[in-house]
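We have chain A already, so just place chain B on it with the hints.
Residue numbers (this note's numbering), protein chains in the order written: chain A, 1 to 229; chain B, 1 to 229.
Any given hint might turn out to be false.
Copies of the same chain are indistinguishable here, so a pair counts whether it falls within one copy or spans any two.
As the list claims (entries may be wrong) - Below, simulated EDC-like cross-link-like pairs (lysine to aspartate or glutamate); rule was C-alpha separation at most 20 Å, straight line:
1) K135 / E112
2) K229 / E207
3) K160 / E112
4) K160 / D187
5) K160 / D190
Please keep in mind that the hints were generated in silico from the structure rather than gathered at the bench. All values reported here derive from a predicted model rather than from experimental measurement.
Number of protein chains: 2
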Amino acid sequence: MEHAGSTERTRLRRLPEKASFDRAEVHRILDAGRVAHVAVVGDRSGRRPTDPGLDDPAQPYVVPVAYARDGDRVLFHGSTGSRLFRALAGGLPTCFTVTHLDGLVLARSAFESSMNYRSVMVLGRCSALTTAADKLAALEAVSEHLMPGRWADVRPPTAKELAATLVLALPLDECSAKVSTGGPTDDPADLDRPTWAGVIPIRTVLEPPVVAADLRVPAPVPGYIEDWK
Amino acid sequence: MEHAGSTERTRLRRLPEKASFDRAEVHRILDAGRVAHVAVVGDRSGRRPTDPGLDDPAQPYVVPVAYARDGDRVLFHGSTGSRLFRALAGGLPTCFTVTHLDGLVLARSAFESSMNYRSVMVLGRCSALTTAADKLAALEAVSEHLMPGRWADVRPPTAKELAATLVLALPLDECSAKVSTGGPTDDPADLDRPTWAGVIPIRTVLEPPVVAADLRVPAPVPGYIEDWK
Numbered sequence: 001m002e003h004a005g006s007t008e009r010t011r012l013r014r015l016p017e018k019a020s021f022d023r024a025e026v027h028r029i030l031d032a033g034r035v036a037h038v039a040v041v042g043d044r045s046g047r048r049p050t051d052p053g054l055d056d057p058a059q060p061y062v063v064p065v066a067y068a069r070d071g072d073r074v075l076f077h078g079s080t081g082s083r084l085f086r087a088l089a090g091g092l093p094t095c096f097t098v099t100h101l102d103g104l105v106l107a108r109s110a111f112e113s114s115m116n117y118r119s120v121m122v123l124g125r126c127s128a129l130t131t132a133a134d135k136l137a138a139l140e141a142v143s144e145h146l147m148p149g150r151w152a153d154v155r156p157p158t159a160k161e162l163a164a165t166l167v168l169a170l171p172l173d174e175c176s177a178k179v180s181t182g183g184p185t186d187d188p189a190d191l192d193r194p195t196w197a198g199v200i201p202i203r204t205v206l207e208p209p210v211v212a213a214d215l216r217v218p219a220p221v222p223g224y225i226e227d228w229k
Numbered sequence: 001m002e003h004a005g006s007t008e009r010t011r012l013r014r015l016p017e018k019a020s021f022d023r024a025e026v027h028r029i030l031d032a033g034r035v036a037h038v039a040v041v042g043d044r045s046g047r048r049p050t051d052p053g054l055d056d057p058a059q060p061y062v063v064p065v066a067y068a069r070d071g072d073r074v075l076f077h078g079s080t081g082s083r084l085f086r087a088l089a090g091g092l093p094t095c096f097t098v099t100h101l102d103g104l105v106l107a108r109s110a111f112e113s114s115m116n117y118r119s120v121m122v123l124g125r126c127s128a129l130t131t132a133a134d135k136l137a138a139l140e141a142v143s144e145h146l147m148p149g150r151w152a153d154v155r156p157p158t159a160k161e162l163a164a165t166l167v168l169a170l171p172l173d174e175c176s177a178k179v180s181t182g183g184p185t186d187d188p189a190d191l192d193r194p195t196w197a198g199v200i201p202i203r204t205v206l207e208p209p210v211v212a213a214d215l216r217v218p219a220p221v222p223g224y225i226e227d228w229k
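Chain A with its partners taken away, still in its complex shape (with noise of 0.2 Å):
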């Protein structure tokens, strides 16, 4: 199996038995989202009069971010005007973490009880893309991750525009999966209790398309629409 960047920070040391560190699967994964949560710590600035001082541990915030995987590494943008993105752009240890629920995991225990997920954890630093031609060529992978075929249509960034995005990118140097799947793994005590036992499969689904109040010019709804999912 190959190892994508295990390292002593990302070998899980609960359950390891869900532990991946399979560069496949970690791809999978994250091809599959939309939605990342990124972790930065707060400075100074942002802590309460009344925390304590220089022995307080940094406080973190979490925020969703829209991402693409390209290649070995992950590329997410926000503003410019985000003192979180900011941050991260500064090289600020982060964490980026993507889950996919995939269901409910019904046991005969409240203790066995749980949810199938996929989730992959990266750990490290970004770097903020500087040249335009890289943050419009990875604003547009970002782009048609989420929206494929998307990009051709629409009015490309200004210059503008392009210098009000931070684009970041984060290597995969460190990063794991976590997978749990399949049905409850009971006590073999518990097998002969008169309760149901099984999963609720849980999925994201694309729902029709809906047009947009201020359409002034006549377009049909865009073929690729139709292969998205």
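This is chain B only, laid out in the frame that chain A set:
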């Protein structure tokens, strides 16, 4: 509008029109979710030898957790064997974020293309519930949020199982909601483009139950599952 613990830290600086501190809105978004992304910072033992020393900002870790809201707090649980959960139980500052992705927003420009979503961010410090009665009530609350009606059917936790479970409560003292909804808001100059614009709604659905392979005692699918959504 009632304010659900707005502070300097949760007052959003970007896109303030999307921010809300309405307590009912925060509760609605939390109640519509199953999984939160929770962050805590690492400790020194987790740092790489190559990292700079004392000046190095802390490394955040973000993990998915199942949760329930109980009045003005959220409840979730983990293993006493998890270093991350022990750090949370120890009162390290945390951030608890819940996000619902509601749609892809197809604007005429790349810059205005976006996503509709609802998100809540809670800052604070967790406390671990200590008595068996409190822990049991919290586990029931989480179970009944995720699988309403199920608690009466399952074998309740034993004293040993309870002892192995860290049950955490995080008060909703400092939190905010961020909501993006509706159609694209294009630049007026882009409205004459012959480009379709609108929204592709995204929804999470539960699929029909899948029975466990090891169901020994014949039992019908419980009626309460039909109401889950």
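Hint by hint, here is what the structure shows:
| no. | hint | result |
| --- | --- | --- |
| 1 | K135 / E112 | between (46 Å within a copy, 16 Å between copies) |
| 2 | K229 / E207 | both (9 Å within a copy, 16 Å between copies) |
| 3 | K160 / E112 | between (54 Å within a copy, 13 Å between copies) |
| 4 | K160 / D187 | between (61 Å within a copy, 14 Å between copies) |
| 5 | K160 / D190 | between (64 Å within a copy, 15 Å between copies) |
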